[in-house]
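> One-letter residues, chain by chain:
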Amino acid sequence: MERSPVAVDQNFSGATGDFPALLRSKGLLASAVIAPTQDAGTPQKVWQPTEATTILAFKFSGGVLVAGDRRATAGNTVVYDRADKVLEIDRHSIMAIAGVPATAWEMARVLEHSFQYFRRTQLQEMSVDGKVRALSKLLRDNFGFVMQGVGVVVPIFATYDSHPKPETRLYFYDAMGAQFEATDYAATGSGSPAVRGILYYENNWGAKPLHKLSEDEAVSIALRALDTAAESDTSTGGVDRMGRIYPIIKIVSREGITTFPENKIAAVFKETVA
Amino acid sequence: MIEEPYRWVEAIANRREYIEAQLASGSPITALGYGDGILFLTVGQTRQKIFEIYDRIAMGAIGHPGDIERLRMAAIELASTEGFTRSAGDVSLRRLVHYSLSPVMKSAFEQVYGPPYLARMLFAEVGERPSEDLFLRVEYDGEIATKGATYAQVRQDFAVLSGTRQSGELMEAFLKSQHAADASFEATLNSALEAWSIGHMSLQDSDSNELPERTAVVKYRQEQLANRGIEAALLERDASRAIRFRSLPDTELRSLIND
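Going down the list, the sequences are from chains Z and V. Each residue of the first sequence is one higher than the last, beginning at 1 in the numbering used here. Each residue of the second sequence is one higher than the last, beginning at 1 in the numbering used here.
Excised from the complex, chain Z in its bound form (with noise of 0.2 Å):
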């Protein structure tokens, strides 16, 4: 007998809320585990990083802020310079990615999609643990694409924990899944080492740590640190003066999420850092 549309068997997903398992139920979502091809005749193809973007991500007065650059590469070429990999995933979290678009887009789809599906089908909030998890998982599922040369995503979260202390909260990840939490900054990509770095010296060393800077100082030290990162690496895009393309800055506060303006980034590019 052909399978009804509405699907009345008390074991589906909708019970549990897992809409990861109800898209595999329905042949929607590439299996979790593709073991890698070994070929005895061509020596196997190690795992080389292709997350070639800057993302950073570090805690202020106002929140989180969130910035990554607007280039796209596929080996040496530039195939965009607009992408977004600054993406809302609902009304206080941010993913931002580094690594294959098509891969990461998709997870981004997967865990926004994820999210609602369980507010909707349980009737509450998932928490922000649950959350960072939901990511953690994603990224484990995908592993064997990775291992297989594609598909590498290595992402940055940030959110706003209302329970139990109202507070912002920021994640990085490996490839494989693993979880960190940050306390001040966290940055990710190809671009990320000089990131580092300069976040590193700014919160140690600067006029003030990181958490205590103004809206306008911690976009400043943002922007600083992607043309510092596109200096060296050919993969991050950084500012672009001839285009006038500026990096995506979003901030994650109490208030949700807000997008930093075009013009204001302009401006404050043109005061401290041109």
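In short, the hints are calculated from the structure, not lab data. Mixed in with the good hints there might be a few duds.
[As the list claims (entries may be wrong)] Estimated spans, in silico, between C-beta atoms of each pair:
1) Z:V79 <-> V:S247: 37 to 47 Å
2) V:P103 <-> Z:D240: 46 to 56 Å
3) V:R95 <-> Z:R109: 37 to 47 Å
4) V:S107 <-> Z:E262: 30 to 40 Å
5) V:L256 <-> Z:S25: 36 to 46 Å
6) V:Q48 <-> Z:E167: 41 to 51 Å
7) V:Q48 <-> Z:R91: 52 to 62 Å
8) V:S107 <-> Z:A15: 44 to 54 Å
9) Z:R91 <-> V:R254: 20 to 30 Å
10) Z:E181 <-> V:S107: 19 to 29 Å
11) V:Q48 <-> Z:N204: 43 to 53 Å
Glycine included, C-beta positions come from ideal geometry on N, C-alpha and C.
With chain Z's structure known, arrange chain V on it following the hints.
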């Protein structure tokens, strides 16, 4: 024996009678479209009756909690999968109800050896303009009653759901004369509460098929609200946010009630 057509018709009729009796005590739910969105409202239940289905779709239901739950999960599942594989704009209430829920409810109802769905549901989808709002009521047998965005009917900017046909008809008669699509939120809230009171009064006293006196309605509403809470939710028309559903806490509404 049930294979004989006569027995089948009889079985269906019995089943209908049984379900109607089970649903008869279901407290009314109203969904009223106005300038800024659609207001869902009911009063004082022990269980939640108004639910978010997708970005622009909400549902109110009466019936058995287990059946409501299965249908609610199915609706969310269908909408979420469609929204994920295509886009949120492709999720449509019309398709969800006509092509997925209604056929399933009809066959469950008519397969007399299996259990039917003991549920009556009211769905609404908020549009860009009040004229694009869609209201659909789905019965336990898969029957669909449409209010708004219909093909050959005068459209109404509201829909109601109640335990009995008479109660629902009285509420509709009241709203037809009292509610307008361009009403303010406050006026809409008050119309919804009065319509609920009229519907609920009819469930208590099923003899009268006339609209009760206004003073009696107000008195009844005051009595009911003295020891019951308001359950309400809004589907906001404001397009700046993708998710339009918002629960309205009782405390936010009490101060807006006219006495």
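> Honestly, do V79 (chain Z) and S247 (chain V) meet the 37 to 47 Å range at C-beta?
At roughly 44 Å between Cβ atoms, S247 (chain V) and V79 (chain Z) fall inside 37 to 47 Å, so the hint holds.
> Just tell me: holds or violated, for the beta carbon distance of Q48 (chain V) and N204 (chain Z) against 43 to 53 Å?
Given a distance of about 51 Å, which is inside 43 to 53 Å, the answer is holds.
> Per the hint of 36 to 46 Å, is the separation of the Cβ atoms of L256 (chain V) and S25 (chain Z) within bounds?
holds, 45 Å
> May I ask you to test the hint 19 to 29 Å on the CB atoms belonging to E181 (chain Z) and S107 (chain V)?
violated, 51 Å
> Quick one: are Q48 (chain V) and E167 (chain Z) within 41 to 51 Å, going by C-beta?
violated, 30 Å
> For the pair S107 (chain V) and E262 (chain Z), does the Cβ-Cβ distance stay inside 30 to 40 Å?
For S107 (chain V) and E262 (chain Z) the Cβ distance comes to about 55 Å; the hint is violated.
> Quick check on a hinted range of 37 to 47 Å for R95 (chain V) and R109 (chain Z), using CB atoms only.
violated, 21 Å
> At the C-beta level, are R91 (chain Z) and R254 (chain V) separated by a distance inside 20 to 30 Å?
For R91 (chain Z) and R254 (chain V) the Cβ distance comes to about 26 Å; the hint holds.
> Determine whether the Cβ-Cβ distance between Q48 (chain V) and R91 (chain Z) falls within the hinted range of 52 to 62 Å.
Check failed, 22 Å falls outside 52 to 62 Å.
> P103 (chain V) and D240 (chain Z), beta-carbon distance inside 46 to 56 Å?
Given range 46 to 56 Å: holds, Cβ gap about 55 Å.
> Within 44 to 54 Å: is that where the Cβ-Cβ distance between S107 (chain V) and A15 (chain Z) falls?
Once the Cβ atoms are compared, 22 Å apart, the range 44 to 54 Å for A15 (chain Z) and S107 (chain V) is violated.
Of the numbered hints stated above, those contradicted by the structure are hints 3, 4, 6, 7, 8 and 10, listed in ascending order.
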